[in-house]
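Residue numbers (our numbering): 1 to 236.
Just to be clear, a hint being listed does not mean it is correct.
FRET-style restraints, in silico, Cβ to Cβ [stated by the list, open to error]:
# : residue 1 : residue 2 : range
1 : D220      : F22       : 19 to 27 Å
2 : D160      : D117      : 28 to 36 Å
3 : Y86       : E195      : 39 to 47 Å
Keep in mind the hints are simulated off the structure, nothing from the lab.
Just so we're clear, the structure is a prediction, and the values are computed from it rather than from any experiment.
Note that the Cβ used here is the ideal one computed from N, Cα and C, for glycine as well.
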Amino acid sequence: METIKIHVLRCGMVRTTRWLPFNKEHVSMAKVAGLFVPAKDWKWLPVSCYYIEHPKGKILVDTAWSRRMSPEGVEDRQAQIRELGYFLYRINQGYTPEGETVDEQLRALGVDTSDLDYVLLTHLDCDHACGLHQVADAKRILVSEDEMKYAKTILPTHFDNRVRYNKKWWEGIPVTLFAFNGKEGPFRRSFDLFEDGSIQLINIPGHCAGLSAVKITGKDGRYVLLDAYGAYSAKN
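When you get a sec, could you build the whole thing from the sequences and use the hints?
As structure tokens, then:
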């Protein structure tokens, strides 16, 4: 195979207040978190993962929701609270219909999770990493050193991390940490997976310190940028 093929996998939905992804700099954190926010100001948004067929291997970007979030394939409040904790559940909810978790979709494509050469985590938020256990037998699972350090930081400036991150999503799973050692991207910090420029993880801090966009470049120089949370909207 000489070409690179990208499969977009829609892995359920996430529900947040409209201020979490949009314009949160203009409102209080209470509104962002959904305290006393009416139903009309909450939005359902799709959650995506990406399966990449590359000449040098099979690659998955992010893992989305765990099946534990919606055991019956429907929205399940108690299951979500068990998985996320009550306070994180209050900020964002989610569910994944039957057949839409990342491992279920990979199997539908004829790919066993143990066939994955790499799982690339753009960051460790719940809708990107709590499904990690479903692909734990992949050959290598990568996340940036910066992101893991940030996720473990509980300081007055980052007290929300105590709610935002849950180590059970990755604890006991063989995750490899990588350091940004290249100079691609707006912050001049990147990591070249195959050392040929075809798959690069590019640091775009903001949403979180270790956030990585994924740049996928073909032989003709054209590229696709999976920008994670680099931009929420056309305005961004």
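Do the hints match the structure? See the list:
Remark: the range hint 19 to 27 Å for D220 to F22 is contradicted by a beta-carbon distance near 35 Å. Between D160 and D117 the Cβ separation comes to about 34 Å, which falls inside the hinted range of 28 to 36 Å. Taking the beta carbon of each, Y86 and E195 are about 45 Å apart, inside 39 to 47 Å as hinted.
In summary, the structure is inconsistent with hint 1 from the numbered list given earlier, while agreeing with all the others.
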